[in-house]
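If you read the protein sequences in the order shown, they are chains A, B and C.
Quick note on this note's numbering: the first sequence kicks off at 1 and runs consecutively.
Quick note on this note's numbering: the second sequence kicks off at 1 and runs consecutively.
Quick note on this note's numbering: the third sequence kicks off at 1 and runs consecutively.
Each hint can be trusted.
Under 7 Å between C-beta atoms, here's a sample of chain A residues computed to sit facing chain B:
#, residue
1, 169
2, 172
3, 220
4, 221
These stretches of chain A come out as covered by chain B in the derived footprint (C-beta under 8 Å, 3 or more residues):
#, stretch
5, 146 to 160
6, 173 to 179
7, 201 to 213
Calculated from the structure, these hints are not laboratory results.
Ideal placement from N, C-alpha and C gives every residue a C-beta, glycine not left out.
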Amino acid sequence: MRQALIIARKDLLIEWRARLLLVRVAPFALLVLVLFAVALDSEPLILRAAAGLVWLAMLFSALMLVQRSFDVETDDGAVDVLLTGTVEPAQVYLGKMLAAFVQLLALAITLVSGAVVLYGATVGADQLVLLVTATLCAAWGLSSVGTLYGAVVANMSGRDSLLALLALPVTAPLLIAASRATEAAFGSQTIDAASGWAWTALLVVFAITFSAAGAAAFGTLMESDT
Amino acid sequence: MTGTATSGTGSSGTGSSGTSSSGTGTLFTRIIGAAALVVMAWVVVSAFFITPADTQQGDSVRIMYAHVPAAWIAYLAFITTAITSGISLARRHRTLGFDRVAGASAEVGVLFMGLALVTGSLWGRLTWGTFWQWDPRLTTTLFLFVTYVGYLAVRNIDSDPHRRARRSAVLALLAVLEIPLVHFSVVLWRSLHQEASVLNPDGDVRLDDLMLFTLFSGVVAFTLIFVWLVMHRQRLAALQDAQLGAGLDAAIAARRAETVA
Amino acid sequence: MREFAVVQTVTTNDTAATNDAAILLADVVVALGGFPALAGVNLTVQRGELVALRGANGTGKSTLLRLCAGLVALSRGSAQVMNVDLASNRAAVRPYVGLLGHRNGLYADLTARENVQLTAQLIGAAGEDVDDALVRLKIDARVAATRTRSLSAGQRRRTALASLVVRRARVWLLDEPHAGLDTAARKELDQILCEATRAGATVIYTTHEVDRADGELPRTVTLAGGVVASDRAATRGAPR
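Taking the hints into account, I'd like the entire structure generated from these sequences.
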């Protein structure tokens with residue numbers, strides 16, 4: 001675990017230096033929210049769709065973050081050096097996942113705030129816990145799947161589009177669950193709070209499954225560049 | 001002497017004897033091919049001419065004889081790819097035989113998944129007037145299709161056989177995790193919209209014995225076709241790999257000759 | 001010297017004479033995309049030996065290093081590094097080797113010091129080791145505090161070397177480590193390599209240089225056409 005924390009800290013330090021999240025990804029995500037409003041052109045519709053749109057924007061932004069996270073590793077072969085040391089691949093995976101989680105959490109907070117401001121979504125005080133929990137679990141799930149598939153396409157040519165093609169179908173359950181849970185937190189007519197918590201439980205299952213898969217598969221995936 | 005490596009032409013894992021020098025056919029595949037043709041002929045005749053039309057759906061129910069077996073094969077291919085991928089990852093000496101079967105099964109599987117989707121969509125159109133239903137089975141099949149398109153994309157890009165085998169094997173196993181999750185989520189999701197769960201063309205069809213038998217024959221015929229295609233495809237891949245290995249000796253000699261004294 | 005708490009996998013049936021060998025290659029063929037970069041290499045390197053690997057471009061030197069680091073797969077023959085059988089499980093050799101390849105393995109947005117510190121932290125080395133390594137590689141405070149993105153190629157190379165020094169691997173594999181260094185830095189590097197072998201590490205480096213500054217030559221293995229063309233022992237008094 002210690003090594004994973006060191007690697008997470010390294011990833012976050014690099015991100016802080018490059019300020020990609022702040023300067024490029026978050027504005028992009030907010031822009032996507034704005035474009036949704038423009039495209040759908042109906043305030044009541046937007047309000048009802050707010051939760052889904054937030055997580056859709058999260059998905060696309062998450063891909064950008066993950067792509068960058070692995071480009072940093074493969075540009076100069078840094079990850080090979082990490083792995084030729086005494087670092088277990090699972091630790092590298094967990095460290096990168098942790099860093100991705102922190103960044104995605106920051107992004108989620110930004111987007112939910114965006115939905116409140118731009119779409120007029122509201123969160124009652126009693127739904128706040130649900131919202132926070134669902135967001136945490138969804139960010140965890142997204143970071144685990146993203147880091148895993150980032151490793152799958154690392155160093156491949158055309159990996160940007162490949163990452164989207166591979167990862168997005170897998171994130172569909174997460175999108176469904178996160179949207180429904182957030183919808184419940186925003187106070188929807190069709191979904192009550194209890195269902196919201198059920199969806200959050202599904203998010204946890206998703207996150208645990210792919211975190212375990214990632215830790216197990218990372219070594220095999222990063223085994224070498226011929 | 002331990003630790004001696006061989007080049008990547010392992011056994012195919014399907015228990016077939018040697019292939020003929022001119023192609024990938026053997027007695028076994030010829031038998032399977034012939035059987036597939038016979039059963040398929042029976043299914044076509046039965047589906048179009050012998051079995052009765054449905055009381056409610058009319059003749060459009062006959063699409064079922066193509067759709068249900070195709071869906072069955074799609075999932076069979078998925079399971080085959082998953083199992084052979086698992087074995088190929090677990091084997092220490094990493095011979096590529098199982099990976100070739102996994103790849104062949106995925107290619108053929110994508111074909112049948114597409115067929116299942118198209119026939120399912122057509123059936124829905126003819127019966128209910130809409131091309132698509134968000135019911136769990138059709139949606140899950142769609143996800144399966146997209147996932148395998150991605151899988152094949154990865155296989156096509158990677159040039160080194162061993163690395164390709166590893167990457168795609170991991171992808172295939174991840175799909176085993178993903179598909180049940182997708183299915184379960186869609187089931188939960190659609191349960192929120194009560195009216196959609198009933199719209200299922202094959203849920204309303206009453207099947208008498210002849211129809212059931214034809215359906216069963218269809219499954220058998222498609223399975224035979226699947227096996228036939230996979231065997232040929234994986235042998236083709238084996239021949240390609242063998243060609244690489246055979247060329248190696250010549251390449252080694254040429255390489256050593258680079259030493260200009 | 002730091003102890004490695006790693007179980008060694010002894011997979012060879014050969015006699016006890018090979019147990020001392022750090023690297024044991026027999027008829028090794030490595031085919032990259034069908035092309036045999038190594039076409040039948042036979043090489044034995046004892047522990048604590050210093051070996052210079054020479055050869056024209058394209059003769060397979062880099063591939064040989066990458067093979068020993070467990071980064072490429074064996075096509076034919078047998079290879080053992082630190083008693084790990086590379087044919088069956090080459091990933092297991094990773095804890096023993098430190099490779100300095102063509103790329104430096106640095107994070108562009110971290111400073112030189114931070115890059116070396118990362119290696120040190122991951123293996124649990126002391127903070128002074130980082131300072132020592134930086135000093136030895138003549139990386140002054142200003143350079144150490146600069147992001148590697150802004151450093152020259154030579155400075156980046158030295159940073160990568162500092163990471164390798166901190167790692168204290170059992171087998172050092174360096175691909176053209178002298179390139180880009182000035183004379184003083186080269187002498188220092190040779191010193192570092194000698195100290196490493198004296199501490200028990202096995203060092204192999206590739207070079208185009210024929211003569212060392214002091215005229216003493218280590219064991220020199222020359223590759224040509226993917227095989228070992230000549231294997232000249234170290235001159236008397238040279239580092240072993």
